[in-house]
Amino acid sequence: MHVTRLSLTDFRSYPAVEIELVPGATALVGPNGQGKTNLVEAVGYVAALSSHRVATDAPLIRLGCRRAVVRAGVSRAGRQILVELEIVSGAANRARVNRAPVPRTRDVLGLLRTVSFAPEDLTLVKGDPDGRRRFLDDLLVARAPRFAGVRSDYERVLKQRNTLLKSIKQGKGDIRTLDVWDDQLAAVGAELLAGRRYLVHLLAPYVTEAYREVAGGQGDALIEYRGSLGPEILADPRPGRDALRAHLLEAMARRRPVELERQVSLVGPHRDDLVLQLGPFPAKGFASHGESWSYALALRLGSYQLLRADIGPDGDGEPVLILDDVFAELDSGRRDRLAALVKDAEQVLVTAAVPEDVPEVLSGDRIRVGQGEALRVDR
Amino acid sequence: MYEGVVQDLIDELGRLPGVGPKSAQRIAFHLLQADPTDIRRLVEVLVEVTEKVRFCSLCGNVSAQELCRICSDARRDPSVLCVVEEPKDVVAIEKTREFRGRYHVLGGAISPIEGIGPDDLRVKELVTRLASDDVTEIILATDPNLEGEATATYLARLLKPMGLRVTRLASGLPVGGDLEYADELTLGRAFEGRRLLDV
Ligand SMILES: Nc1ncnc2c1ncn2[C@@H]1O[C@H](COP(=O)(O)OP(=O)(O)OP(=O)(O)O)[C@@H](O)[C@H]1O
Ligand SMILES: [Mg+2]
Ligand SMILES: [Zn+2]
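Protein chains in written order, with the numbering used here: chain Z, 2 to 380; chain C, 1058 to 1256.
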């Protein structure tokens, strides 16, 4: 699939901008702070309904405005889809698909798929587990949009249960109701856990392969899901939901005294991690800076290949690839290998501050970004 | 900001559920320009509801009398009791014409975030009612979202030992939604397909 047109109103720094996009490689070039990332961020937002740069939607709306509009034309399996999103401050967002309003904004998920890689992704390797959980959950939703509901239900159950644990400690909460929240957490948690565990099983070989290609054959990258339930239970790549649910309930029963004391939920997928192994060592704390870069990149490229292989209901699962500011950070060997890896993507959007940072094989279409405008360069 | 009483009106309207500042302003100016007799009629109705409408002492539904119309209707089946969150859910279920029993309105659902536990709902009244009435089946028709499910599970565990048949509305209702938004057909089917809860 590919994006054919992007039009923004009061999104980030743009009062109004519109660009036509073509399949193949497009380089968005312009000085720092001119709005290159803002453009590709908008494309990613249409796919995920959230931005990896921020936790809430508020910063996406241009300063002083009440709403932003993102419109994207998507060409998928020969079909043209127009997605329109209205991001409103302090109210629910609205969406339209081919001019018809959809019942829930969430219904837009899955229409466009993107995978983006940016310098911040280094925290996937070097940072805390929450970034890696988010990485998994985002990919889960990209593959199967129904997980967006599972994910938000899980966050809500967790919030309810943690609030209850706190109020019990304060003598206000009703401990008789803790059992029912255990049930809810186990039910929704088992679903999320089963989804993540199977996803890691599918993703792992792609990441190993991508790392080999990016790092030029040095070292074996192996990813593994590690959870609060313990390795025996998670050894099965497709654990049954009923079994997981029973295990979660059992673990909660065991840890209840500690939970009541510490007033937080200690059992469930919100405590889990994706362990990144490089040869005999965990990447975190052992991998060099360059190796960490390659690993982060391998996670994204692996995701890209996984989605691409997953043909989807209409036979076109291939995501749009976004490489934001990446090439400036890579040495020439990695740069060339990455460029060679992605040059055949149906669509790849590359941003760079200077034209020299865009590898020759990716210098297809060029858009100059600056002073609130994005203009195609005729070459 | 508008002058004194106009701003007061906007503020009061803005307090209503689902009315944001913009709509509050719009409604206020609509009222200012409306026919005075219409306004007087609105005021009278508002006064009337606050004075006359109360909640049925048995089921908790809104009612003009001590007992609501449904509770005082001898033709309704006294052996089946449908437990809902809000009076508006009674209205939604009545529209399906699938249900001939009686209701019990909880007044909400269990939600720690909002500080609502079983003691804040009409659960005690429900238990008392079951001890004296000839109810044999309870249908738990709380909303198909997390809080509604939690409330249904809590009640099922509480009521099962009393030897009652406890059922939950069949799935097929839009998950994550409110009962009142389900269309009549879906809600009607959910009644027919209700399942026994094993707890
Ligand atoms: N909500 C907003 N309202 C107005 N301006 C914003 C908003 N959010 C971001 N900006 C502006 O957008 C600019 C950043 O744009 P962007 O991140 O796209 O730059 P860039 O071209 O990718 O730069 P770099 O090369 O440094 O990565 C900043 O100047 C910032 O002030
Ligand atoms: Mg940038
Ligand atoms: Zn009544």
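Hints are computed from structural coordinates only; laboratory data are not their basis.
Cβ atoms here follow ideal geometry from the backbone N, Cα and C, with glycine treated the same way.
Hints should not be assumed to be uniformly reliable.
Derived lysine to aspartate or glutamate pairs resembling EDC-like cross-links, with alpha carbons at most 16 Å apart [to be verified]:
| hint | chain 1 | residue 1 | chain 2 | residue 2 |
| --- | --- | --- | --- | --- |
| 1 | C | Lys-1079 | C | Asp-1068 |
| 2 | Z | Lys-160 | C | Glu-1171 |
| 3 | Z | Lys-167 | C | Glu-1171 |
| 4 | C | Lys-1079 | C | Glu-1101 |
| 5 | Z | Lys-173 | C | Glu-1171 |
| 6 | Z | Lys-160 | Z | Glu-260 |
| 7 | C | Lys-1181 | Z | Asp-175 |
| 8 | Z | Lys-173 | C | Glu-1194 |
| 9 | Z | Lys-173 | C | Asp-1176 |
| 10 | C | Lys-1217 | C | Glu-1194 |
Just a few of them, taken from the derived set where beta-carbon distance is under 7 Å, the chain Z residues facing chain C [claimed, not checked]:
| hint | residue |
| --- | --- |
| 11 | Arg-157 |
| 12 | Leu-159 |
| 13 | Thr-164 |
| 14 | Thr-178 |
Which stretches of chain C does chain Z cover? Using the computed rule of at least three CB atoms under 8 Å from a CB of chain Z, they are [what the hints assert, rightly or not]:
| hint | segment |
| --- | --- |
| 15 | 1171–1183 |
| 16 | 1194–1207 |
Could you work out which of the previously given hints the structure breaks and list their numbers from low to high? Violated: hints 4, 8, 12.
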